[in-house]
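Bring the two chains, given one by one in their own frames, into a single complex with the hints.
Just so you know, the protein sequences line up as chains A and B, in that order. As numbered in this note's numbering, residues 1 to 391 make up the first sequence, in order. As numbered in this note's numbering, residues 392 to 471 make up the second sequence, in order.
Hints listed in this document are in silico derivations from the structure and should not be mistaken for laboratory results. Check before you lean on any hint, since a few could be wrong.
To be verified - Here are some of the chain B residues that sit facing chain A, going by a computed Cβ distance under 7 Å: (1) S407; (2) Q421; (3) G423; (4) T425; (5) H427; (6) V430; (7) M433; (8) D446; (9) L449; (10) K450; (11) R451.
Just so it is clear, CB atoms sit at the ideal spot from N, CA and C, and this is done for glycine as well.
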Amino acid sequence: MTNNQTDSRHVAAATRIGIEVAGPNARSVDRDSRFPKEALDALKEARLLSAFVPKELGGLGCGMIELSQMCQALGAHCSSAAMVFAMHQIQVACIVRHAGQSSFFRDYLREIVEKQNLIASVTSEAGVGGEMRNSVCAVERQDERFSLSKDATTISYGAHADDLLVTARRSPDAPANDQSLALVRKADYTLEVNGVWDTLGMRGTCSPPFKLRSTGALAQVLETPFADIAAHTMVPFSHVLWANSWLGIATAAVSRARAFVRTQARAKPGTTPPSALRLAEVAGMLQTMRANVHDVAAECEELMSRPDAGTEVLSSIAFALKMNNVKVSTSQGLSDIVHRCLSICGIMGYKNDSKFSIGLYLRDSLSAALMVNNDRIYATNASMLLVLKDD
Amino acid sequence: MIEDIRTILKEHGRLSVDATTLAEDADLYQAGLTSHASVNVMLALEGKFDIEFPDRMLKRGVFESLASIRGAIEELTTGS
Chain A
1 MTNNQTDSRH VAAATRIGIE VAGPNARSVD RDSRFPKEAL DALKEARLLS AFVPKELGGL
61 GCGMIELSQM CQALGAHCSS AAMVFAMHQI QVACIVRHAG QSSFFRDYLR EIVEKQNLIA
121 SVTSEAGVGG EMRNSVCAVE RQDERFSLSK DATTISYGAH ADDLLVTARR SPDAPANDQS
181 LALVRKADYT LEVNGVWDTL GMRGTCSPPF KLRSTGALAQ VLETPFADIA AHTMVPFSHV
241 LWANSWLGIA TAAVSRARAF VRTQARAKPG TTPPSALRLA EVAGMLQTMR ANVHDVAAEC
301 EELMSRPDAG TEVLSSIAFA LKMNNVKVST SQGLSDIVHR CLSICGIMGY KNDSKFSIGL
361 YLRDSLSAAL MVNNDRIYAT NASMLLVLKD D
Chain B
392 MIEDIRTILK EHGRLSVDAT TLAEDADLYQ AGLTSHASVN VMLALEGKFD IEFPDRMLKR
452 GVFESLASIR GAIEELTTGS
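The shape of chain B in the complex, shown without the other chains (with noise of 0.2 Å):
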């Protein structure tokens, strides 16, 4: 899933680094994630997983990092 990620992040976060070597707890934001950007990639991984994120994850938290945007689908995909 990890790379999954990656894959959309390089497409469409925009960062100013490689997103394929970028930690899995590195800051996104950090990285040049702006928040304009960070919907094309919401938008992207709705598309890739199926899912729809919630309003209370719209938020900075759940797209800091690529843990947290992996913790963010298992939750949504788990059927919880």
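The following block holds chain A by itself, in its conformation from the complex (with noise of 0.2 Å):
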């Protein structure tokens, strides 16, 4: 990897397990619809799942620089680990910076450290249209306990967690919008699948609908109100990851369009190949995706390590605009970048079978734009700039 601007020896470990681990099991992951289960389990191995976790809990107290580095290290050799690995570090970002105080969650981000245990995302639900901010189903509150059930369209990797995220209402005469977030234990919770994931890409995210029946101690109940976590964490770390994961395939579809040049120009010594002038262009458009990630990561970071924690900044309208401008970009770079990749190897990029294929990175890059939907997204920012004066 030539792009890891970092000596971090955790970084490196994540760029080793994409390299020896993730890559060499991409294709069976692609082509039978699994987890990447090899990949996942070095990463615990290697203690990369509490990476986030502060150092004065076990952790190893990594920032969202290095968490993007992972994520592109690993996306380069297989989406789906990359995808699996930042949704897991985005719920533990979630529980970092909003419940950092709170001894059950001090307790439960030290076991994450000795445990190493995965957690999923349990934001979707039937009946509010994809809009994350919205609940149908209530956390209902019985003395220390409560119960919640969730009808989830899609939890990636449900199936695989230990433990998971849920957004509700608040509670059952709370309206859609005033959510909570609560952490829900193995233990206390089943997941009955209601569907299958069989999808053009990033196949081993498996991500099905579920039916989630569980319950919980109150102290699992983040006390942030779920929409300012959203705005602080999940919606900057989720952009940000993202991006990062995708940059690691466009990374790695330019490498090999790159190699697949350096084949022409070999065979004609003298003479610039025309798929040179493709391969500029498109190196060119690299270059400005990863200029746009790394600055929206590093101006996150500085703003998350503010004595405020950058909060206001973060519930800004220009700062919602400008994430959600990075995920619209950086979605539809890569799809672009990794089709033009494509026309440089040509029919050796077509065939799955040769070593400049493309395929699969083209499949996995087409869901970029579809989770979040971007038309989605234009809708909120067209919103949001009626009233934004960027003056």
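Spelled out as structure tokens, the structure:
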């Protein structure tokens, strides 16, 4: 990897896992639409599932930029493994940043360090039209316990997770957007699979619909309203870590295109092959994508390290717009770059058994514009632009 | 002023409770104000009071209650 501007040994560990474990299994993960177990086992063994847990609790104390580089390193070899890793880290970040003072969650974070629990996100729900900031289900309190049932339209790696972070209305009489975030533990929930995950790409994320039934202690409900958790952590971490996983895919596709152009150049020394022009074009697009992704990750990390944790800026419309723009532009950039790599490699890129094959990158890349649909994001931006002055 | 704000919230806030009986410090988000509806509320307030909310005011805290909205409008209309 030429693009890791770090000497972090944790990033180096993720890079090694990408090359040695995730990559060699990527084809069977895709073909069989199976969970990237080998990669996740290796990440657990390297203690990387607790990468974002602060050192004082036994974690590695990594920041967003290191997580980003890990996602990129994994994404270059197995996009499903990168996405699972990214989604887990988003959940850990929500707990660290919003429940880091609660004694229950401090113990829980120590447990993640010890047992390397994998956490899945349950934000989707039938009946809310894909709007993460609305829930139908509610936290139903009874004495010191709660129960929570949810009809989730998709739970990525739901069947492979240890614990779940679930959004729900704060109480049965709360409006749809007055939400809480609750952790439910493996022993306290059941998931009834309610469909299949047979998709064009990202097949190893294993994200079918599930019906969730769960209970828990009230201490497992984060006290911070989900509105703040979403604005301050879940949305920025999601967009930054996803974008970095996509950057990994784009980088890998361009590497194949480069290798292909080199073989063409070697076949006719002294002439620049026509495909080299297209490579020059796509290399420029990759540079733009990388700059965009690095810029926003650096800004997020700087904001979050401020004494007030950047909450003023993170909750502003201008910042929400910026994050949304990163998501839309990198997801579009990814499929555009990969498609151009296919043109460069030609029939050798189209073949699945060729060392210049682009097919898996292309299929995986097409998920980026759909996971939180770009049209939904544009609609949100359109609405925000009615009041944002940006002067 | 608070009555004008209430009227606008009633028309554009799509709250799950009646805006005319809401306490001045009641949390509007807990009353069902969504970010989409809050944009419409902002636009209506800008029209009604002939103001423009600067970007620094476009955040959750400013629109979380009748009192905080009034505070923001007062700040903009007293020519500070």
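For each hint, the structure was consulted:
1. S407: 4 Å, holds
2. Q421: 5 Å, holds
3. G423: 3 Å, holds
4. T425: 5 Å, holds
5. H427: With Cβ-Cβ at 6 Å, under 7 Å, it holds.
6. V430: It holds, given that the least Cβ distance between V430/B and chain A is near 5 Å, below 7 Å.
7. M433: 5 Å, holds
8. D446: 5 Å, holds
9. L449: At 4 Å from the nearest chain A Cβ, L449/B passes the 7 Å test, so the hint holds.
10. K450: Holds - the Cβ of K450/B comes within 7 Å of chain A, reaching about 5 Å at its closest.
11. R451: With a minimum Cβ separation of about 5 Å from chain A (threshold 7 Å), the hint on R451/B holds.
Violated hints: none; the structure is consistent with every hint.
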